[in-house]
Amino acid sequence: MLTSLSRRSPTLVTTLRIGVLWMIGLGWVMAVYAETPVANRLAGTDFCIPDRYAVRLEIREQADDELYDTSPGFDLNAKIHYNEAAKHLDGYVRNVADDGLPQYQTLYLGLRPAPKTESVPSRSVEDPTSLTTLTNTKDLFITDKVPSYLVPTEVLKKTANDNYITWGTCSRTSHHNQPAVYACQRRNLIIDSVAVEYNIHQANLSRHEGIDEFIRQKFESWQCEQSTDG
Amino acid sequence: MPDHSISSHERALIDRADSTPKRRSELLERFWQSRIKTKDPVARVGFALYCSSLDKLRRIIANGKSDYWGRGYYYWRAMRVQTLMNLALGLEEAGHAGDLEQTRDMVLAVGIRLAKQHIRTVTRDIRQGIGKTPGKLSARQIKKYHHQVFEELGIPRHYYGGTSLQSVPDSWELWLYGDLYCHDCDPRS
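Chains as they are written, first to last, in our numbering: chain A, 1 to 230; chain B, 1 to 189.
There could be a bad hint or two in this list.
As the list claims (entries may be wrong) - DSS-like cross-link-like pairs, simulated, lysine-lysine; straight-line CA separation at most 30 Å:
no., chain 1, residue 1, chain 2, residue 2
1, A, K87, A, K145
2, B, K22, B, K132
3, B, K132, B, K65
4, A, K79, B, K37
5, B, K65, B, K37
6, A, K116, B, K132
In case anyone wonders, no lab produced these hints; they're calculated from the structure.
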């Protein structure tokens, strides 16, 4: 049929052929594009989060919208799957559930531009004996002896030169008449121009320094010019 | 300006709901009803989802402030159905399939986890002075803690907000559903 059509209307057949080739080419380009990890740059930084780690927030921000202001945060957060964390962190507890549903410990990284001050300032402690060591740690202390249910309590970290810095917060999540269980939020992890925060359950608190280091290494591999960790 | 802080009564409601699974539905409803009084932007969908009857939802919206509810009863009723469907499908995709009663229990358990994260986020917001209104969350904060809870359960993120269809671009969902959670959220942070 194509042969007889080409005799009668060669221009139409050529056009059809070009059209088919063009569609195949377009399909190939789309397929390649879909498989290529898109590096998502954190605006104003040298970090590009590979697609498989990036969490797009899609927050609507319009300067002329009275309900919304411009935001100092990024439109991206990041997450590191719990299996990857467990592979790199010896003894990392993947699931800390106690209510029948799982509670997988994927590291969800909240990202925002770091404050102008270069390092986390020291925190003065008048009476270090008033501090309580946090379960599973040697260097983290809570400032409140009996934290209330779901009230974030400041957590201090003792540094090598016996100073204290604010590490983050912990909240008691166990209900009344039960042994205290804490869910914590690491704050003030400054990596170049990015401030990182993440949630960490009590079961993984003993690995908090390893987790910080692991996140730093991920960011090193996420520098835009070498972002191959996709 | 309303006080957005979490009261000790609200904490006690979630504490009790956590420890008494049989009363979860009732206590979650009471928690979100209490949050409505503080004009908490998340409370609208929280209450729509966990209220025990549609009549109650209709009454609360009819007697509430129109600038808070924004849209009427039929909108929030539709959002209740959409959110329940998203949660049920998300749980199933995460491997937590069950019969109707088991699914209901799981939805309530997720509700407790979200309420706990909400309380912690609101309290932190006040203590750290995030945004311009203490205790009022931004869309970013709300989205983040939902992501965290969904990640913990293994539920794909696209089940939070909007439709449950992954193929629908987020920007379209935001256009369609963006105001659902946040038409009067704190814009900063």
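Item checked: Violated hints, by number in ascending order, as checked against the structure -> Result: hints 1, 2, 4 break, sorted rising.
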